[in-house]
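Visitor: Sequence:
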Amino acid sequence: MVENAKTPFITFNHVSKTFKGTSTTKEVHAVHDVSISVDQGEIFGVIGYSGAGKSTLIRMINGLETPTEGSVMIDDQDVTKLNKEKLAQLRHKIGMIFQNYNLLKTATIYQNITIPLKLEKLPTNEIKQRAEKYLKIVGLWDRRNSYPSQLSGGQSQRVAVARALAHEPQILLSDEATSALDPETTSSILDLLKDINQKLGITIFIITHELDVVKSVCDKVAVMESGELVEQGRTIDIFTNPKKAVTRQFLGSSDLSGVPATLLAETQKHNHVLLIKFIGNEASTPVIAQLTKQFHVEPNIMAGSIEYLKEQPYGKLLISIENNDSYDAEIQYLKDKGVIVEEVEQVE
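The numbering of the sequence shown is full-length UniProt numbering, which starts it at 1 and goes up by one.
Just so you know, not all the hints are guaranteed correct.
[As the list claims (entries may be wrong)] When the alpha-carbon atoms are kept at most 20 Å apart in a straight line, the in silico SDA-like pairs for lysine to any residue are as follows:
(1) 105 / 219
(2) 93 / 127
(3) 269 / 284
(4) 277 / 228
(5) 199 / 310
(6) 277 / 343
(7) 93 / 133
(8) 316 / 268
(9) 84 / 111
(10) 243 / 197
(11) 199 / 311
(12) 81 / 63
(13) 316 / 240
(14) 310 / 219
(15) 26 / 228
Simulated from the structure, these hints should not be mistaken for laboratory data.
Make a model of the complete structure from these sequences and hints.
Guide: Printed below as a string of C-alpha cells:
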C-alpha cells in the first residue's frame, strides 16, 4: 500500500439499492444502508457469500448501478449526481477486471490492448508506449503477437489487467477476478495486483467470496451478508478478532482446529483450555517455552496453525494448562508478551 495514504477516496454513504419487482418477480433489497470508506492507494476487499450484495455495490462505483438511497463519492465527486459527460470522464479513471476476461478472440494480445485506446483517440505513439509498458508489467510482452486461444487462464487474466491499466486509471475494480483460476494461478494474479498497487499507487477495490484473496492482498476488508454490512476494519483485525457471529462463521473461525468436543469437555474437567493468538513478530517468539520456564508449568498443545495476512504472520495455539494458584499470573504474563489470550468456553 502507498505510504501515508489516508485521504478517503471512495465513500459509500448509507447506500441502499432496491430492484423493483414485476408481476412475476418480487422486489429485491440488494444493498441496505451500507457505509464504507476506502483510502487512496489502499487495497480494500468486500467479502461475502453469493447474494451478499457485493456485485451491486461495486457497480455503484462507476455508475453502472445507482443507489436507491444514499450517495457514492469518488474523489469528492458524487457519482449519483454526475451528468453523462462527467460520468464518462469519471469512468476513464476506473479500470475493471472480471471473472470472464472478455478478450477479443480474433485480435492479438497487443491489439486487445491498443484497440480500446484507439477508440479514445489517443496519439499513436502514446498507444504504442502504453501497450508495451503494461504488457511488460504483467509479464506478457513476449506474447504480444499471440491470440487469446493460445494463452492459459492466468495469462488471459493478465492481459485483462494490462488492458485495464492501459487506460491509466486511479481505481482498479476486481469483480471475482480469480474465482475461475486454480490456486497457483490465483496466487500469481494476486501477487501482480500487490505489485501494481505498490508501484503505481492505484486504489484497488476487490469483491470476492475467497478468503485467500483477502488474506493475501487486502489492507482492509468489509464483510457483507444479505445486502447488509456486518463489520469492517483492518484485515488483520477482522481475521484475528471478528466481532460478529456471521463473520466468525464465514471465516470458519471457531478456532478449535478440529479438536473433538468430547476431548475438549474431558480436558476442561481438570484444566483450563486457552486459545492463544500471535500476530506479527510475536508469532516467532517462543512464548510457551518462556511460560514453562517462568512458572514451571507444562502446557499441553492441543492444536495449532500459522498463516499469513498480507505477509504478516498470524499464529494460533490451542493449549490446556493446569488450574493452579499462579493461573492468573500466567495469563497476565502471556498478555504482557503481546499475545491475545482467550479461555475457551466450557463444552457440555
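Visitor: Hints first: check each against the structure and report whether it holds.
Guide: Now the hints, each set against the structure:
no., hint, in the structure
1, 105 / 219, "violated, 35 Å"
2, 93 / 127, "holds, 17 Å"
3, 269 / 284, "violated, 31 Å"
4, 277 / 228, "violated, 29 Å"
5, 199 / 310, "holds, 16 Å"
6, 277 / 343, "holds, 11 Å"
7, 93 / 133, "holds, 18 Å"
8, 316 / 268, "holds, 19 Å"
9, 84 / 111, "violated, 28 Å"
10, 243 / 197, "violated, 29 Å"
11, 199 / 311, "holds, 17 Å"
12, 81 / 63, "holds, 10 Å"
13, 316 / 240, "holds, 9 Å"
14, 310 / 219, "holds, 7 Å"
15, 26 / 228, "holds, 19 Å"
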